[in-house]
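There are 2 protein chains.
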Amino acid sequence: MLTTLAALAELNRLQIVELLRDGPRSVGEIAELLQLRQPQVSKHLRVLSDAGFVEVHPLAQQRIYQLRREPFHELDTWLESYRHVWDARFDRLETYLRDAQTQEQEQRHGDKQ
Amino acid sequence: MLTTLAALAELNRLQIVELLRDGPRSVGEIAELLQLRQPQVSKHLRVLSDAGFVEVHPLAQQRIYQLRREPFHELDTWLESYRHVWDARFDRLETYLRDAQTQEQEQRHGDKQ
DNA sequence: TGAGTATATGCCTGTCAAGGCATATACAAG
DNA sequence: CTTGTATATGCCTTGACAGGCATATACTCA
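Chains A and B are the protein sequences, given in the same order.
First residue of the first sequence? That's 1 in our numbering, and the numbers climb one at a time after it.
First residue of the second sequence? That's 1 in our numbering, and the numbers climb one at a time after it.
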């Protein structure tokens, strides 16, 4: 999860992913469209590839990069585990505050024993 | 979006968010449960707060931190825009490869003119 | 095979962010 | 008002990582 998030947490890489959302692209095209130097693009694509975000399809000397679904699924699953939070949110806060108060009282009684 | 992702792209902050998923916590509790120093926890919470991930509820000297929904919604919306990709994925690759071939031929003819 | 093109890699440098620690601030309780 | 407790902030140091650039590698075509 951390690897997945870290891969996206950089402006140029995020932009590359967003560009690839509209379809596959060669390294050169990415570099030109995003106004980046080719070596940096290759490096960013390496990071994205290691994180599972992209796969490569060679075409002569070109390398066509395309998005993979797995990391998006991972993000989706992770997000899913937070959905229940919103329902229970205020209940939990009230519970916490009440419990904290109770524990405080118990501690004070404990001091006197 | 970048701010949101960057906030999560750090191990301890990710763990704080995951801890808060189970309910609100004070700074001290977070520090103890995650085995972190209090100042670092405060700093991480600052980052999470700036990114909109948490809100604070004062309770005496304590500060109770709780998750907010907005950044999760943002992530969800962003992810949503990638769903269509999987359906069209192979079509797009084939289209790209075919177009690339076509353009190559056109370019060769152009050279001869 | 040689020249041209597309991409990857290695090295160097600078920047930024996280941790450690001291300390400031805020509140509570006697 | 003093002491204790909870949290935030500031300063310093260090490590990771992104960019720049030269160069290696891989492929094409004549």
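In short, the hints are calculated from the structure, not lab data.
As the structure is a prediction and not an experimental result, all values here were calculated from the model.
Each residue gets a CB set at the ideal place from its N, CA and C atoms; glycine is no exception.
Accuracy of the hints is not assured; some may be wrong.
[To be verified] Pulled from the structure, derived: some chain B residues nowhere near chain A, Cβ distances all over 10 Å:
no. : residue
1   : V27
2   : E32
3   : L33
4   : L34
5   : L36
6   : R37
7   : S49
8   : D50
9   : H57
10  : V85
11  : T102
[Unchecked claim] Computed, partial: chain B to chain A, Cβ under 10 Å:
no. : residue
12  : V17
13  : E18
14  : L19
15  : Q38
16  : S42
17  : L45
18  : A60
19  : L67
20  : R68
21  : R69
22  : L75
23  : W86
24  : R89
25  : Y96
26  : L97
Here's how the hints hold up against the structure:
no., hint, verdict
1, V27, "13 Å, holds"
2, E32, "15 Å, holds"
3, L33, "14 Å, holds"
4, L34, "14 Å, holds"
5, L36, "16 Å, holds"
6, R37, "20 Å, holds"
7, S49, "16 Å, holds"
8, D50, "15 Å, holds"
9, H57, "7 Å, violated"
10, V85, "6 Å, violated"
11, T102, "13 Å, holds"
12, V17, "9 Å, holds"
13, E18, "9 Å, holds"
14, L19, "12 Å, violated"
15, Q38, "18 Å, violated"
16, S42, "19 Å, violated"
17, L45, "16 Å, violated"
18, A60, "8 Å, holds"
19, L67, "6 Å, holds"
20, R68, "9 Å, holds"
21, R69, "5 Å, holds"
22, L75, "6 Å, holds"
23, W86, "5 Å, holds"
24, R89, "7 Å, holds"
25, Y96, "5 Å, holds"
26, L97, "6 Å, holds"
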